[in-house]
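Colleague: As you go down the protein sequences, you meet chains A and B in turn. According to UniProt numbering, the first sequence is numbered sequentially starting from 1. According to UniProt numbering, the second sequence is numbered sequentially starting from 1.
Think of the hints as simulated: they come from the structure by calculation, not from any bench. Please note: incorrect hints may appear among the correct ones.
As the list claims (entries may be wrong) - Which residues of chain B face chain A? A partial, calculated answer using Cβ under 10 Å:
#, residue
1, V29
2, V31
3, F113
4, P122
5, Y131
6, G176
7, V240
8, Y258
9, R259
10, F264
11, V281
12, A286
13, V287
Because the structure is a prediction, the values reported are computed rather than measured. We put the beta carbon where it would ideally sit given N, CA and C, even for glycine.
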Amino acid sequence: MNRYTWRTAVLEAAMVAAALVFAFPVYVLVSLSLRQPGDQSSPIALSTPTLANYGDAWQQAGLGSALLTSTLITAGSVVLVVVLSAMAAYPLARSTRTWSKAAFGLFMLGLLLPFQLALIPLYQSMRDLGLLGNPLALVVFYTGLQTPFSVFLYTGFLRALDPAYEEAALIDGCGPLRAFFSVVLPLLRPITGTVVILNAIFVWNDFLTPLLYLSGTGQQTVPVALFGFVGQYVSQWPMVFAGLVIGTAPMLLVYFALQKRVIQGFAGGLKG
Amino acid sequence: MATKLGSRRRGGPPTAPWWFLAPALAFFVFVVVVPSVQGAGYAFTDWDGITPAPDFAGLDNFRTLLDDETARLALVNTLLAAAGITVVQNVIGLLLALGVHARIRSRTVLRVFFFAPAVITPVVTAYLWKYLYAPEGAINALFAALGLGSWQQDWLGDPDLALWSVVAVVIWQFAGYSMVIFLAGLQSIPQEVHEAAALDGAGALGRFWHVTRPMLAPAMTINLMLSVIGGLKLFDQVWVMTQGGPGGATDTLSTVIYRQAFQFNDFAYSIALALVLTVLVAVISAVQYRGLRRREDFS
């Protein structure tokens, strides 16, 4: 079954061709962002590259502060989601009591609810709490919104995990918190990688919520900053595209660094 | 009391106290459960977003909805987009998964490649494609360069075409996501099963149908659920590329909900539309889940 036949070669050629079609838009994005400002040649032609657009975009779009805001919100939400979901999944996976099943069912119902329904009433609650315009509002929002999916992944993983380890820790005199943080959480590392990256992608890329909850303040996330930036400079495509590349680069770098774990991680999630 | 609620599997000590649930549950209830229940209530009032105690309005918002051409068109568009995304994205995702699961040399690189668009911010991909789709843009230029000038279109300006142009962007972006989930399913099929089927004389198609397809059922369930729910909630790409235009041709329930609430300040009507979206998501997912589970059981 391991030979490289002509059929495999044909398949390989077809898959590479498909990859080129998939990559074409990204090629246009990068090639245009490197183009001289006055260049009027066809969007698919090659030309002498320049990095000038990147400097201009950085200054015009206020991307520095947007990157900082997005990073803080993403990091804060992901840490909270990981710790709280793993903790919640622990009794959900181990206990067979009614309350445990009911809580799991409630979380799973939350997976289905479109947040458009909750968006406006929550907007009011955040305003009453004085959190509108504060990035903290988004950390609270993403933690609540993303918990069900993460609980789902953690519960599946924990059910397959032998309870002997934590039982040993308890016999050795650990309290439940200590046993959880020093024994269970490290054992969850494979699925935590997946939970971190999927949540980070979601939070970093979300557009509608920061558009609403942070509007009119100096603190914007990257997608909202890009939205405003492109609206303002819509005819200057090379600079606009340089801004788009800057805004998307952090997520792509994280992805390329962790890609193995991302792609393998889905297998762990599926078994749950 | 607390420690007694943990499990007692194999007679070991209890390990998981109930209060471990509390913090996650608190966030979830505050952000999702309470506002959703409030929202469902507001759908039956005349709330304007300011008045603290809105009046009960019964089914008025839903009657308005029936006469609202924009909302009806958005509902049809939402269903069409969700159906198109679900079918095409999963067919492409499955083909890609089968391709990168085979013993081709570039498979590791290609896996990374096909998933990459799913990592890019939808706002960015939407602007990128808006540029590609422009009458003088890269797609039409590419067709001209290939001698296919007659294929040139006004991709986002033509009302008959615009919705499908947006759908194509979503499919391009998330086909790799479906691929990765199918790939996880493919990798869980033991190689021996395939070899046994091959020894029994099953051809490649027969092996796919009788061995691979049934064992991919769990991946299929997750993929179909994710793409249907994602398709029904479609917002970012539409808002950036067309804002629902031309003439409502790309309006979805989500863009109408946003416009009604935050541009026209008609909060009650907006929430009524959100409730319709919720019911739609719930009913379609429930039907889908039952159908798919039944197939999984038979396989």
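Colleague: Hint by hint, which ones does the structure fall short of?
Modeller: Numbers 9, 10 and 13 - these are the hints that the structure violates, sorted from lowest upward.
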